[in-house]
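Given next are the chains, with one letter for each unit.
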Amino acid sequence: MRTIFELCDLVRETAFAIHVFNGHGHLEKVYENALAHRLRKLGLKVAQQHPITVFDEDGTIIGEYLADLFVEDRLIIELKAAKAIAAEHTAQLLGYLKSSRNEHGLLINFGSYRFEIKKYAFSQNPPAQSQTRKLLPLLIAFSAFLCGKSNAANGIAFFEQKVRPVLVEHCYGCHSAEAKKLKGNLYLDSKAGWQKGGDSGEAVIIPGKPEQSLFIRSIQHLEADLEMPPKKPKLPDAVIADLVTWVKMGAPDPRDGAKLEAKRGDKTWWSLQPLRKDEGRKMKDESVSRIDEFITAQLAEKKLTLNPPAEPRTLIRRMTYDMTGLPPTSEEAEAFVRECTEDNETRRQGHGEKGDVSLPPHLPVSMSSPKARKAVEALVDRLLASPRYGERWGRHWLDVVRFGESNGFERNFVIDDLWPFRDYVIKSINDDKPFDQFIAEHLAGDVMGKDNPQVEVGSAFLVAGPYDDVGNQDVVAQKNIRAATLDDIITATSGAFLGLTINCARCHNHKFDPIPTEDYYRLRAAFEGITHGRRVVASTAQREAFASATKPLDDELKALEKEHDALDKAIEARAKEVLTRTKPLRPKIDPQGTSESFAPVEARQVKFIIQGLTSDHQAGKKGKRLAGGGGKLTEFQVWSADEPQRNVALASNGTKADGAKSATAEDFPEAYGPQYCIDGALGEAWFIGNPAVLTLTFAKPERIDRITFINARGDRSIDEGKVRGATPCEYEVQVSNDGKTWTTVASDEGREPWTPAHGIARARRVITTAEEEQQIATLEKKIAQVQAKLRAVPPLPQMWVGNAAQPREQTFVHKGGDPMKPGEAVVPASLNVLDQVTKPYELNPDAPESERRLALAKWITSSENPLTPRVLANRVWQHHFGTGIVDTPSDFGFLGSKPTHPELLDYLASRLIANGWKLKPLHREILLSQTYLQSAAFREDAAKEDKDARLLWRFPPRRLSAEELRDTMLTVAGKLQLEPMGGPGFRLYRYLANNVSTYVPLDAHGPETYRRAVYHQNARASVVDVLNDFDLPDIAFAAPKRANTTTPLQALTLLNHSFTLDMARALAARIQTGDAVTQAYRFTFQREPTAKEHEAAKKLIATHGHEAFCRALLNANELLYLE
Amino acid sequence: MNSPFELTRRHFLGQMTTGLTGVALSRLLNDALAAAPNRQPHFAPKAKQVLQIFCPGAASHVDLWDHKPMLDRFHGTPMPGADKEVTFQGKNGNLMKSPWAFAPSGQSGKMISSMLPHMAKHVDDMAFIHSMASRTNTHGPGCIYMNSCFTREGFPSAGSWVSYALGSMNDNLPTYIAMQDVRGEPPNGKANWSNGFLSAQYQAVSMAAQQPLRNLARPASITVGEEQATRDFLKLIDEEHAALHPGNDELRARMAAYELAAKMQLTAPEVSDLSREPQHVHELYGTNDNNKLKAAYARNCLLSRRFLEQGVRYVSLYCASRASNVDGLLNWDAHKTLKADYERHLPIFDQPTAALLTDLKQRGMLSDVLVVWCTEFGRMPTHQEGTSGRDHNPDAFTTWMMGAGVKGGVSFGETDDFGRRAAVDVTSVYDFYATVLHLLGLNHEKLTYYHNGANRRLTDVHGHVIKNILV
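Going down the list, the sequences are from chains A and B. When the letters of the first sequence are read in order and numbered with my numbering, they come out as residues 1 to 1123. When the letters of the second sequence are read in order and numbered with my numbering, they come out as residues 1 to 471.
Treat the hints as calculated values from the structure; they're not laboratory data. One or more of the hints may lead you astray.
Stated by the list, open to error - Covered stretches of chain B, as calculated for chain A (at least 3 residues, CB under 8 Å): (1) 96-107; (2) 132-139; (3) 184-196; (4) 238-251; (5) 281-291; (6) 334-341.
Claimed, not checked - According to the in silico footprint, chain B covers these stretches of chain A (three or more CB under 8 Å from chain B): (7) 85-96; (8) 165-179; (9) 193-203; (10) 539-545; (11) 730-740; (12) 1017-1031; (13) 1089-1102.
All values reported here derive from a predicted model rather than from experimental measurement. Every residue gets a Cβ at the ideal spot worked out from N, C-alpha and C, and that includes glycine.
Extracted from the complex, chain A is given alone in its bound form:
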C-alpha cells in the first residue's frame, strides 16, 4: 500500500497535469471530474462528493459535509476554482479534517494562472506540552519518521517528503514532460532527466556534491542569469537546505521515468550522418533516370504520378530562365519547337541510345523522339556554356554569402571595390570551378593563392558582410563590436557551407542542435586575425612593374623636398628672430567675439575676407594661409554708427548673406550656410568655404563704424577647438555702396598672433626675399610636377578583401556571449558536432593565422564531411524546383525542415563529389530528368494530396525573381547591355555621404543602368524601385531563400515608374513595322497572340498608341510567371 505521502504526490502530479492541460478557466466541477477520472485511471479508489459525517466533541453526529474527493478512504481533497486560495478555504479544509477525524487533506486551486496546492495534516495526537490540537503543515522535520529504516529507504522517503513536493510545485512547470514549454531542455521529472542535464550539456545534479550541482547553484542564485525559479523570490532557506541535504545524501531518486524525448537533436541527427550509399536501381527500366526513380517511388506511395512532359515552348522558357535568368529569343523558341516536333516518324524508335541521363522512352509524341531528345540535350549544353549561366547562378550564390556593397550599420558607407568578388563568383561558376576549391578559396584564397589575384579575391567572402565602423571610445563597446564583427563571419561561414546555425551557440550551447559553445569559439579562433578593409591585391609582376615605375620618381621627389626644407629652415630661423623683436599693438582675436572699429562710413555692403584661420598655424605645420580649412562662424555683426547702436547685419533687418560653404547635406540644403551668421543666434554656424569671403548686403545703405565676429556658443571655459572648429585670425573688412568699388576699413593688422607659429608665419611673409620666394616657387613647381608623374602611374589595384594578422591573444569562450566574461581558452580546431564522421583537427593555440583558415577550409570541404555536399546539392535542387529537398537551405539542424527525399538528397550529394564537385554535370542530370521536364499543369486530385507539390507531381510554377524581371523588361525592350560583363556596378540610387550615408532611389533609370541586375551595386538598406519591390533582399543577413510577395506597391511601381515607361517606349519602337501586335507577343512571350488578344490589342493601339499596349504587356502575368 502506498504511504500517504506517495498518495499525496501522485495526486499532486496528476492535478498539475490537469492544470497544464486544461488551464485555469473552468468550473470547479470540471476539475473535480478530471481529477477523479485520472486518479481512477491510476487504479485509485476515488469517491466524489463524499459525505463525511461531522461529529461534535462528545461524538454526537451533528451533520454531514460533502468532500469534493475522498481518495483511498484516507485523503480528503478540496478543490477550488478561485483567484487564489483564501483563508476561508484553508479553514474549510481544516474543518473537514477535524470533523471527520481524517489526518490528511489537500487543498487544490485550479482557478488561477498559477497552480496552487497545499497540504494539511491534522495531528490527532497533541504534543506533550500542548493541551490543544495543533495543525501541522507538512513541511516540518520528519526525522522521527525516518528513524529505524534502512538508509536507502530513508533516502527515498526523504526525497518523497522533502524533494518531490518542491520539484512538483516549483520546477515541473518548466522542466517536465507536462510543461507547456520546456525550458533549457531540462527535465526534472525523472532521474534520467537531471542526469542528462539540459542545455548545459552536463548533469545538473552531481550526487554528493551540491556545490558543484548546477541545480543547487541555480536555486541558491549563485549562477548569473540562471536564478531559479525564474522571476520569483528565492525559495525559503529551509527548503534549499533540504535540497542540499538530499544531494549530499547522494540524490536518491526513485523516479525511473525516461521522458527524455528531448525536443532537440543530438549527434544522431539525420544531416550529421555520413552520406548513405546509393543502393542502386530499384526499377527494371534502366532508361529511367535515378532521380526520377526516387521521385516516382515517393509519388507512388501517395498513388501519384508525374505530369506528362511540358510543351516545347514552355520548356525552353523554363530552362532558359532557370539557367540564365533571361527569356529565350523568339527565334530560339521557334527553332526549339521545330526541332522537337518536326520529325513524327522516327519518334517511336527513339529509345535506342543508352546512357545515364537519356530521356525516357515513354514520353508522349513530341518530346520522346530521338530528335526531340537531342534538341533538349543541345539546349541544355548551350545554356550551360552560356556566360549568362554564371550571372544567374552567381547571383544565387551571392545571396548565400550575404554579399552587400556597403558596410551597413550607422554609417553604411558604400564599398566601391568589392565588385571583384562578384566577378570572381560569376567567373568561377562559368568556369565550373570545383566547389570544394571554390569554398576553400572563400575561406583562405589569400593563403592558397598568394600573389594570384584571381584566387586571392575569393577570401573577400570573409569581409563581404556588414560591420560597425563607427569610432567608439568605450572599451566595452569596442569589444562587443569586435565580437559582432566576427559573429557575422562565423554565421556566414556555418550557414553557407555547413547549413548549421552555429551562431546560436554564441551565448550558450545550441538549444536545438548538438553544438556546444566551444564550437562557436573554435570557429572564431580561425577568424580571430581578420579585419575589414581594403588592400592591394596584385601579382608579383604587377608589383614589380609598379615599383620600377615609381622608384626613380620617389627618389627625385625626396631630393627636391630636401632642398626645399633646407631653404625653408633658413627663412624660418630669421623669421623667429624678427618675431622676438616685435611687440603686438593689439590683443589677439577672441573666438567669443572680436570687434574691429573704424571711422563711420555709409555702406550698402560689407565683405569679410578671411585670409587665415586659427587652425592654419599649428606647431609643426608650415605656414600656409587657409591651409587647414574647417573654419566656422556662428555670428557676424555690423553695428550702426548712430545711437542707439543696432546690429544692422541681422536677417530680420532684411540683410542677405552670401558665402561658399565647405560642407553640404544634400537632403538638408540649408545646413552649414552663411545665413546662420546673421540669424541673431549662436546656434548654427557657417562652414567657411572657398573663396573664404562673407558678403553681407543690407536692405538699404547704413552708416556703420564697427563689426564683431563670433565663433562660439558655449562658456569661455570650454575648449573651442573641440566645439567650434577654427576661427578667422587674418582678415580684411571691406565696404562698398555699389558692389564694384570696395574700400578696406579694417584688418587684423597689429594684433597679437594666435600662436607663436602664427607669428612666425606672419613674420616670414615680411622677411622672405623676392629671390627666396622665386626659389621656393621653382622648387614647389618641380615637386608638383614629380607628384603629378607619380599620380600618373596606374596604382596597384586595391580590393575590399580584408586584412589578416596574427591574433594577439588566444580565443576565449565568452560566457553568456559577453566578451567581458572570458571563459575557457579554445584552440583553432574542427567542430565537435561532426567529430564522429569527419576527421577532427586541432591546432596549437599560437598556430599561424593563415594555417587556421586553411585547416578549416580543408575540413569543411573534406569528402567525409556530409554536410557540405548535402547543403550544396540541396541549393542546386532548390533553384531548379523553387524549393529545396530541405526547404530551410541554410539550416540542416533540428529547427530546419527535414528532407522530403532524403535518399535523393544523398544521391545528389554523392554525384556532386563523384563529379569532382563540379555543378554543371549535376545540372545536366537534373535538367534531363523527367521530373524536371514534366509540365506544370495543375491537377485537382494531386493537389488534394500534396498542395505545394513538394513531391513534384508537377513542375512547380514560379514568379520571376527581381533581377529576372528587370533583365526581362530590358531584354524585350531590346535595351539590355550584356557588356561590360563585370567591373564596377551601376546604381539605381543617388548616394549621399555626409558623415553617414543616405541612399535615395532614383526616379529615372538612365541607359547606364541597362546592364544585368547582378551588376547593380547592392548597398545595404538601399531600397530601390523594382528590385526591392520584387523581394530582392536587403542583404543584412544571408538570404538563402527569397521571399515571394504580391503587393499593391509592386503594381504601382510596375505601372508608374519611369523605368516601365522607358521600356514600353523602347519596345514600341521595336514593333513599328509589320504586325505590331504579333511582333510584341513574340518578343515578350515568344508566341503568337490569339485572335481575341490580337483584336483587343489593335483596338488599344488604335486609340492610345503602341506605348500603352507595351506598358500593359510589361505588367502582364504571363511575363512574370514561369511554368
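Could you slot chain B onto chain A? The hints should help.
Structure of chain B alone, referenced to chain A:
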C-alpha cells in the same frame, strides 16, 4: 511553413471579380501570399493602432523628462566614481545641470523641462518610463535596437511585427508608414522600419508631407483614358492567361493587387491632402510657422493623425534625423553645445507634438491609438570634456507611453541620483515592446517567425510586460 492556399480561399478566388471590396482583396493578398498568422490578436486588445514618435540622436533624459535636483546641487563638481570613465566620444568632465529649470506640470505635478510648455499639458495622460537601458552606445545600432530589439540590421522592426501579426485596417492605404523628417533619415536609415526577414509587404512605406508615396501617381504623360484602356487590356490578357492556368492562385492575387493599387491611388492622395484641414487645426499644429523645420514637422504630425484616422496600423513619426558633420545639428545628439542645440530642437518638437496629442484626444482616437515616444538612449549627467554638451549614455534614458490602455500621470522606474544609470525597475527595450504588444492583444512570446535556425521574436528571448503602467 508557408501554407497559403486553403480550399475555401481557392473557391473564393475563383469567384472574385472587380466588385469585391478592398477588404476582401487585401485579405486575399495577405492571407494567400504570405506566411501570415491568423491576423487575430491573442487576447482582447486595448489598442488597435500605434503612433511611435521617435527623436533620433539620443534626446537627453536629464534635460527633458527626468528631473534630477542633485544635478543642480552638485553642478560643476566631479561625479563620484566617474573620474576614469571613457564614454563614446572620450572622457567626461564634471556634473552639469540642465540649462533650463524644470517645472511642475498638470494635476500630477510631474516635473518636466520648462522648455516643453505645450507638452506639459499632457503629462496627466502620460506614463513615463524613466529606467530604460540600452545595449549599445552607438546611434545606428541604438536606433534599430529601439525599433527592432536587435543592435544589428536584418531584424524586423516592431511596426513590421505588428503588421505581420495584425494586418491592415484599411486596405486602400499602407499598413505601416515611416514618416520622414525633412532633415533626412534617422541613423541607420531604412533599417529602422525594415521588414528584416519578414516578407517585404511588412516594411514601412516611407513618406512624409514633403515626400509623397513613391510611384503612387499616374505618370503625367498618361491620360485618364489611356490609363483606363491600358488597365482594361491588361485585365483581359491576365484573365485569358489565368483561364489557361487553373489552380494558380497567385495569378488571381496579382490581379487583385492591381485593383488595390488603383484604390490606393484614389485614397492616399486624399488622406495626404492637408488643405482639407481647417485653419484652426493648422494653427494648433503650427504648420505655417516661420521656423521652417517646425512647420515641416508640424505637417508630418498632422499627416500622421490623418493616416491614423483612416486606419493605418502603425505610424513611426521622426522628429530629427541622422548624425551630420556637426554633432547635434540635425538631431538630438548634443555632444558639445547642448543649450544651443536643444534651443533649436525643442521648439520644433514641442508645439506640434502636443497638438497632435491634443487632436487625437479631442477626436477620441486615444481609445484605439497607443502613443509611444522613443529615443535610442540617454545622455551623460556630466559634460563631455572640454565642451558644454553631453556624451552618449546607454545606461539610462526615458520613454513614455500614452493612450489606449495606458495609465496617465504615472512614472515607472527611476534612475540614480544623477541620472547616470537606471536604478529602480530597470526596463529594457524588450520590456517596452512586450508591453506594446500586450496592449495590442499580443503575447510577445507567442508572436514568432522561423528564420535561419530559430523561431524569432520581436523581444528576442526576453521581455516582461510593464503592468504598472497599464490601466
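Tested hints:
{"no.": "1", "hint": "96-107", "verdict": "violated (count 0)"}
{"no.": "2", "hint": "132-139", "verdict": "holds (count 4)"}
{"no.": "3", "hint": "184-196", "verdict": "holds (count 9)"}
{"no.": "4", "hint": "238-251", "verdict": "holds (count 10)"}
{"no.": "5", "hint": "281-291", "verdict": "violated (count 0)"}
{"no.": "6", "hint": "334-341", "verdict": "holds (count 5)"}
{"no.": "7", "hint": "85-96", "verdict": "violated (count 0)"}
{"no.": "8", "hint": "165-179", "verdict": "violated (count 0)"}
{"no.": "9", "hint": "193-203", "verdict": "violated (count 0)"}
{"no.": "10", "hint": "539-545", "verdict": "violated (count 0)"}
{"no.": "11", "hint": "730-740", "verdict": "violated (count 0)"}
{"no.": "12", "hint": "1017-1031", "verdict": "holds (count 8)"}
{"no.": "13", "hint": "1089-1102", "verdict": "holds (count 6)"}
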